[in-house]
Every structure is written in structure tokens, then in C-alpha cells.
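Chemist: Once you have looked at the hints, place chain A on chain D.
Chains as they are written, first to last, in the numbering used here: chain D, 334 to 447; chain A, 604 to 717.
Hints were generated in silico from the structure; no laboratory data involved.
Among the hints, erroneous ones may be present.
Claimed, not checked - A few chain D residues facing chain A, derived, Cβ under 8 Å:
no., residue
1, ARG383
2, LYS434
3, PHE437
4, ALA439
As the list claims (entries may be wrong) - Derived SDA-like pairs (lysine to any residue); straight-line CA-CA distance at most 20 Å:
no., chain 1, residue 1, chain 2, residue 2
5, D, LYS434, A, LYS618
6, A, LYS647, D, ASP359
7, D, LYS434, A, VAL692
8, A, LYS618, A, LEU687
9, D, LYS434, A, LEU687
10, A, LYS614, A, VAL705
11, D, LYS434, A, PHE707
12, A, LYS647, D, PRO374
13, D, LYS434, A, HIS632
14, D, LYS403, D, TYR366
15, D, LYS434, A, LYS614
16, D, LYS434, A, PRO684
17, A, LYS614, D, SER375
18, A, LYS647, D, GLY432
19, D, LYS434, A, LYS665
Glycine included, every Cβ here is placed at the ideal spot set by N, Cα and C.
If you want the building blocks of each chain, they are given just below.
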Amino acid sequence: AQTVTQSQPEMSVQEAETVTLSCTYDTSESDYYLFWYKQPPSRQMILVIRQEAYKQQNATENRFSVNFQKAAKSFSLKISDSQLGDAAMYFCAYRSARGFKTIFGAGTRLFVKA
Amino acid sequence: EAGVAQSPRYKIIEKRQSVAFWCNPISGHATLYWYQQILGQGPKLLIQFQNNGVVDDSQLPKDRFSAERLKGVDSTLKIQPAKLEDSAVYLCASSLDPGLAVHFFGPGTRLLVL
Numbered sequence: 334a335q336t337v338t339q340s341q342p343e344m345s346v347q348e349a350e351t352v353t354l355s356c357t358y359d360t361s362e363s364d365y366y367l368f369w370y371k372q373p374p375s376r377q378m379i380l381v382i383r384q385e386a387y388k389q390q391n392a393t394e395n396r397f398s399v400n401f402q403k404a405a406k407s408f409s410l411k412i413s414d415s416q417l418g419d420a421a422m423y424f425c426a427y428r429s430a431r432g433f434k435t436i437f438g439a440g441t442r443l444f445v446k447a
Numbered sequence: 604e605a606g607v608a609q610s611p612r613y614k615i616i617e618k619r620q621s622v623a624f625w626c627n628p629i630s631g632h633a634t635l636y637w638y639q640q641i642l643g644q645g646p647k648l649l650i651q652f653q654n655n656g657v658v659d660d661s662q663l664p665k666d667r668f669s670a671e672r673l674k675g676v677d678s679t680l681k682i683q684p685a686k687l688e689d690s691a692v693y694l695c696a697s698s699l700d701p702g703l704a705v706h707f708f709g710p711g712t713r714l715l716v717l
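Just chain D, with the same shape it has in the complex:
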């Protein structure tokens, strides 16, 4: 069965600095999708970034980028120039290209210090 592991329950970063959130996953499949979702306090979860496993190029969305290491089954999220609004729970998620179920990690709570 596929699993998603986020080994950092909490992280903190100074405003304007860079932080990297870790995610590893376990799968025997070669074609799948990976996601990072953000859940701000008392607000709904939104998609941050999406990566397709067959693409070697790392996805980027403005200040957010990923380091996708397929062989290592690692999918980390880098947030550059951190802002106070980045404070949230961040969830890594996996979905097989052949299946329907999305599996979420336990999340990393990110604190941003002014």
C-alpha cells in the first residue's frame, strides 16, 4: 500500500528567508501525481503545487518550488522569501495515475517569524 511520510511535525522560518519541508512516499508504481496543499488556520485547504511523476522538471509556482527525486521517492517543498501569510499546515499528497484515492501525509505546521 502507498504511504506518505512527513517527518517534520513543525518547522519555523524567519520572514524573507527560505524553508524546505520534507516528504517521502512509498509506492511500487511508476506513474503518479504528487501534491502539496496548504491549510491556513481556520481556512480551507488549497493546492500549492502539483508534480507529475513522468516529468523530470521540478514544478514551480512563484515562490514555491519542489525538489522531486523519483528514485529516492522524495518530494520536498521549498518556500522562498517566506511571508507571514505562509504560516499554515502543509500536507504532502500522493495519487496513483491508475487509481482514484489520494493519500495525505500527517502534515507539517509552518511558523513564520516576523
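Modeler: Just chain A now, kept in the frame of chain D:
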């Protein structure tokens, strides 16, 4: 466009009582998901609908939980009877294209069972 709507936002009940949650997905989104998010954990899929058919309900405790999606639009999730361990946030999400698997989440319903 309007987002995913959920009601109620909060609910407090006693164990053995019944409760129902409602979700209205984004217009045109064929896929609808119900997730259970226990405090400190990532969302866990309870049930996934494609239009008004069930795609995956393997983690739905069917002895007490039920869900329906009439006419392929809005959906209700019911718990009957509730247990203490059902205390959680119940998230509804929808997707336009199940192949892309990008979730649009509602604000959630926070359930406390006393």
C-alpha cells in the same frame, strides 16, 4: 466561481446521537470526496463519488456512516450513531477532472462528540 460549500460549520452532539453534513461542490465538478481529518493527522478519504456513483468507499465505517449524492450534485454524509472517536473535521472536496486529481476543498465541518 463559487467554491465548495459545507454546512454546518460546527456541530456538537452527544454519543449515540445522529448527525448529518451537507456539501455542495463547485458547479460542473463530477468528482466529490468526503474526508475525515482527526486533529494532528492528514485527511483520510471516507468516500469518493464520480457523478452519483461510488468510486471508493473502502474506508467508510459502513455500520455507522452513510453518504449519498443525489443527481450527481450535492451530497450528504450521515453518522448514526456517533461515537467519541468520530470527533474530527469532515472535509468535502470536489474535482473537475479525476485524472488531474486536483482537489478543491470546502471549509469543513468540525464535529465534537461528547
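Chemist: Hint by hint, note whether the structure agrees.
Modeler: So, going through the hints one by one against the coordinates:
1. Against a cut-off of 8 Å between C-beta atoms, the interface hint on ARG383 of chain D holds, since the closest Cβ of chain A lies about 6 Å away.
2. A hinted interface residue such as LYS434 of chain D counts as satisfied when its beta carbon comes closer than 8 Å to some beta carbon of chain A; here the least separation is about 6 Å, so the hint holds.
3. A distance limit of 8 Å between C-beta atoms decides the matter here; for PHE437 of chain D the minimum to chain A is near 3 Å, and the interface restraint holds.
4. At its closest, the beta carbon of ALA439 of chain D sits 5 Å from a beta carbon of chain A; the interface hint therefore holds under the 8 Å criterion.
5. The suggested pairing of LYS434 of chain D with LYS618 of chain A is violated, with an alpha-carbon distance near 30 Å, which exceeds 20 Å.
6. A C-alpha spacing of about 17 Å is found between LYS647 of chain A and ASP359 of chain D, which places the hinted pair at or below 20 Å, so the restraint holds.
7. The hinted pair formed by LYS434 of chain D and VAL692 of chain A meets the criterion: a straight-line CA distance of about 19 Å does not exceed 20 Å.
8. Using a Cα cut-off of 20 Å, the hinted pair LYS618 of chain A and LEU687 of chain A holds, with the two alpha carbons roughly 6 Å apart.
9. Note on LYS434 of chain D and LEU687 of chain A: the hinted pairing is violated, with a Cα-Cα distance of about 26 Å set against a maximum of 20 Å.
10. For the hint linking LYS614 of chain A to VAL705 of chain A, the alpha-carbon distance of about 28 Å lies beyond 20 Å, and the restraint is violated.
11. Pair hint LYS434 of chain D plus PHE707 of chain A holds up; C-alpha atoms about 15 Å apart against a cutoff of 20 Å.
12. For the hint linking LYS647 of chain A to PRO374 of chain D, the alpha-carbon distance of about 19 Å falls within 20 Å, and the restraint holds.
13. About 17 Å separates the Cα atoms of LYS434 of chain D and HIS632 of chain A, which keeps this hinted pair within 20 Å; it holds.
14. Distance hint between LYS403 of chain D and TYR366 of chain D is fulfilled; the C-alpha atoms sit about 11 Å from each other, no more than 20 Å.
15. For the suggested pair LYS434 of chain D and LYS614 of chain A, the alpha carbons sit about 27 Å apart, so the restraint of at most 20 Å is broken.
16. Restraint check for LYS434 of chain D and PRO684 of chain A: the C-alpha separation of about 26 Å exceeds 20 Å, so the hint is violated.
17. Note on LYS614 of chain A and SER375 of chain D: the hinted pairing holds, with a Cα-Cα distance of about 15 Å set against a maximum of 20 Å.
18. Between the alpha carbons of LYS647 of chain A and GLY432 of chain D the distance comes to roughly 16 Å, so the proposed pair stays at or under 20 Å and holds.
19. Proposed proximity of LYS434 of chain D and LYS665 of chain A is supported: the alpha carbons are some 18 Å apart, at most 20 Å.
Violated hints, listed in ascending order, are 5, 9, 10, 15, 16; each of the other numbered hints is respected by the structure.
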